[in-house]
Amino acid sequence: MKSLRAGKAMRDAAASRRIVPRNSQFCSTAAPRPSIPQSSLQRAIPPSNSTPRIARPAIRVTDTALRNASTTASTTELQKTPLYDLHVAHGGKMVPFGGFHMPVQYDSLSVSASHHFTRSHASLFDVSHMVQHRFSGSGATAFLEKITPCGISELGIHRSSLSTLLLPTTGGIVDDTIITRLGSELFYVVTNAGCREKDLAYLKEHLDAFVKDGGARVKWEVLHGFGLIALQGPLSEEILTGALAEPEAIQLKEMLFGQSKFIKIQLLNNEISSPLLTSRGGYTGEDGFEISIPAAETVAVTEALLQTATPEKLQLAGLGARDSLRLEAGMCLYGHDLDEATTPVEAALSWVIGKSRRTRGGFYGDSMILSQLKPKSKGGAGVARRRIGLVVQGAPAREGAEIVNDIGENIGHITSGCPSPTLSKNIAMGYIKDGFHKSGTEVEVVVRGKKRKAVVTKMPFVPSRYWKGTAPA
Amino acid sequence: MASIARNLRPAVSRLAFTARARTSTWRPSPFGLRAFSATRAAFEKKYTKDHEWVELSDDKKTATIGISEYAAHALGDVVYVELPELELTVSAGDAIGAVESVKSASDINSPISCTITAINSLLEEKPSTINGGPEDTSSAGGWVAKAEVAEVGAQDLAGLMDAERYKAFTEEQ
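Chains L and A supply the protein sequences, listed in that same order. For the first sequence, UniProt numbering assigns the number 1 to the initial residue and increments by one for each residue that follows. For the second sequence, UniProt numbering assigns the number 1 to the initial residue and increments by one for each residue that follows.
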C-alpha cells in the first residue's frame with residue numbers, strides 16, 4: 001500500500017517536472033482546513049425543555065473524532081499518512097478521520113495542554129489527510145473563477161487566498177479551500193479530507209462542463225500520497241529558520257502571511273530535502289507555516305524539524321487541539337459551520353469575494369450571492385441568517401444547541417462550541433437571525449434543557465498573530 | 001509502545017498510556033474488592049455500561065453516584081460538571097448531570113432509581129477534581145451525588161456489573 005502510494009507520488013512528481021518549468025515539482029498550498037469533528041454526542045441531544053427523565057446518550061468513552069467518523073465512514077479502507085508510524089512511535093492516539101488514521105492527541109500532552117503549548121511555543125500537525133490538487137493549462141484561471149468567488153485574476157504569484165467551491169445557481173458552499181497561485185496558469189489547491197469524494201466528483205463534473213462550454217484546456221491532478229505538515233505557534237519562524245538547508249538564502253522575515261516560497265530543509269542524515277512549497281499561514285490564528293512534502297521525504301523532514309527544534313520548543317499536536325485552536329481563531333469547519341445550504345454571505349465569508357468579482361460576477365451562484373451582499377435596508381436581498389460568535393455563560397454550548405431570544409423564540413443554532421482553553425470562557429459559533437447578529441447582542445442558548453446567557457461576540461475570540469511584516473503591536 | 005491493534009481502539013490505548021504515566025490510575029476501586037471484610041459483606045459497589053458507579057450504604061437506603069476512573073481518564077481534562085437539582089427523582093438511566101472536556105460533552109445517567117439528596121458542589125468550583133479521584137467518596141473527592149434509594153432502586157443494582165466484570169467490560173471496549 002505504502003510503496004504503491006509512493007510510486008504514484010513519484011509519477012506525480014515526474015509529471016509536474018514536465019509541466020512546470022522550474023522549482024515547483026512539489027507543491028501544495030497554504031492553510032489546510034482540517035477538522036476535528038465536534039462532539040456528535042452532544043449534537044445528538046435534541047434541545048429540550050423536558051425534564052431530565054428523558055433518557056439521553058450516556059457517557060461514551062470512545063473519542064469524539066471516532067464517533068463522528070463512524071457516522072460518515074467511507075466505504076473504503078482507512079488510509080495512513082506518510083507519518084503514521086511516527087505518530088504511533090510518539091504515542092499518538094489514532095482515530096479514523098476523513099478516511100485516514102489520524103492522531104487526535106498524543107500520550108505526552110492532554111488536549112488543553114497541547115492547545116496552550118501551541119500558543120506559547122509551537123506545535124507540528126500532520127494534515128496530510130487533506131486533498132492537494134494542482135490545476136494548470138491555459139483555462140486554469142477561468143475555471144477556478146467559475147467555481148469560486150475569489151479574485152483569481154488579481155492573485156499574485158506565490159500568494160494564497162481562502163475561497164469556497166460553489167454550487168451553480170444557489171451559491172451554496174461545496175467546500176472551503178485555499179488556492180495558491182504558483183504561475184500565470186498554475187495553481188495549488190487544498191480541500192478538506194472529509195469532502196474528498198464529494199469534491200472529486202464536483203470538480204470532475206464542473207471541469208467537464210467547463211470544457212463542454214468551450215473553455216480552454218485545464219489539467220487537473222490530485223497529489224495522492226503527498227505529505228502536508230503545519231508548523232504553528234510563535235516559535236515557528238525560529239524553528240523553521242533553524243532547519244533551513246540554506247539559511248543565508250532564505251529570509252523568512254520577508255515572507256509574510258499568505259505568501260509562499262520553495263525552501264529546502266537540512267535533513268538529519270546530512271542530505272538536503274527537495275524544494276518544498278512552504279506557505280505562511282494556518283488554522284490556529286498563530287504565525288506558522290504549512291509545508292507540502294513528497295511522500296518519500298515526509299518523515300525525514302518532520303524528524304528534522306522535531307529534532308532541530310527540541311521538545312522544549314516543538315511538540316506534535318493532534319486534531320483535538322487543532323479544533324479548539326481554530327474555533328478560538330474564529331475559523332470555520334466544513335460540515336459543521338459551513339454546508340451546501342449556506343452561501344459565503346450567510347457564512348460571514350463575504351471577504352473572500354474578490355473586489356472585481358463584486359461587479360463582474362461570473363462565478364457559480366453569482367446573482368444570488370451578489371444580491372445578498374446588499375442589505376435589505378439598502379434595497380438588496382440581504383440574508384435571513386448570519387454566522388456569528390458567542391460567549392456562553394455556565395455550560396459550554398455544543399453543536400446543535402438552540403439560540404433563543406428574550407421571549408424564548410428560536411433565533412438560531414450553534415454549529416461549533418467548546419470551552420476555550422486560552423480564555424477560560426465558553427466560546428461558540430453558530431447562525432443567528434439577521435438583526436440579532438451585532439456584537440454585544442444578548443441572547444440565550446439552550447443546553448440540556450436550560451437557558452444560558454450568551455453574548456454575540458466578534459471573532460476571532462483570541463486575536464490572530466499572523467506575521468504581516470511589522471513588529472507586533 | 002502500543003501496538004497498532006491497540007491504537008485502533010482509541011479509548012483503550014489512551015487508557016494504556018495513562019495507566020503507564022500515572023501508576024495510580026485504572027484499577028478496579030479498592031472498595032469493590034473489600035470482600036475480605038466480613039462485616040461489610042452487604043456493601044455493594046456496581047458499575048453501568050455507561051461508566052457510572054453507584055455505591056449502596058449498608059442499610060441499602062442511601063447511595064453515592066459518580067463516574068468511573070476509566071471514564072474520567074478516557075474523557076480527558078474535565079472543565080465543566082453539571083450537577084442535578086436536589087430532590088430530583090429519577091429512574092435508572094435518566095440524566096442527572098453532565099461532564100465536559102474541551103472536546104466532548106457527556107451526560108451522567110443515574111445507575112438506579114433514586115432521589116437526589118446531596119450534590120458535590122466542589123465539582124462546580126473545581127471540575128478537575130473529577131479527574132483526580134472520580135471514585136473518591138470523601139469530601140475532597142470526585143463523587144457526583146448522594147441519593148435516597150427505595151426498594152426499586154436497590155433492585156436495579158442486580159442488573160449492574162461488579163468491579164471485576166466492569167474491568168473486563170472496559171477491556172473489551
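Treat the hints with care, as some may be off.
Stated by the list, open to error - Chain L side only, calculated, beta carbon under 8 Å to chain A, not exhaustive:
| no. | residue |
| --- | --- |
| 1 | S110 |
| 2 | S112 |
| 3 | G435 |
| 4 | F436 |
Stated by the list, open to error - Below, computed lysine-lysine pairings styled on DSSO-like, alpha-carbon distance capped at 27 Å:
| no. | chain 1 | residue 1 | chain 2 | residue 2 |
| --- | --- | --- | --- | --- |
| 5 | L | K433 | L | K453 |
| 6 | A | K126 | L | K451 |
| 7 | L | K80 | L | K264 |
| 8 | L | K253 | L | K219 |
| 9 | A | K126 | L | K450 |
| 10 | A | K146 | L | K451 |
Don't read these hints as lab results, they were simulated from the structure. Ideal Cβ positions, reconstructed from N, Cα and C, are used throughout, including at glycine.
The hints, checked one at a time:
1. S110: holds, 5 Å
2. S112: Given a least distance of 5 Å, the restraint on S112(L) holds.
3. G435: violated, 29 Å
4. F436: Not OK, violated: F436(L) not within 8 Å of chain A, min 25 Å.
5. K433(L) - K453(L): Status holds; Cα separation ~17 Å.
6. K126(A) - K451(L): With Cα atoms ~22 Å apart, K126(A) and K451(L) stay inside 27 Å; holds.
7. K80(L) - K264(L): Within the cut-off at roughly 25 Å; holds.
8. K253(L) - K219(L): violated, 34 Å
9. K126(A) - K450(L): holds, 21 Å
10. K146(A) - K451(L): Roughly 26 Å separates the two Cα atoms, so the pair holds.
Of the hints listed earlier, those the structure fails to meet are numbers 3, 4 and 8, in rising order.
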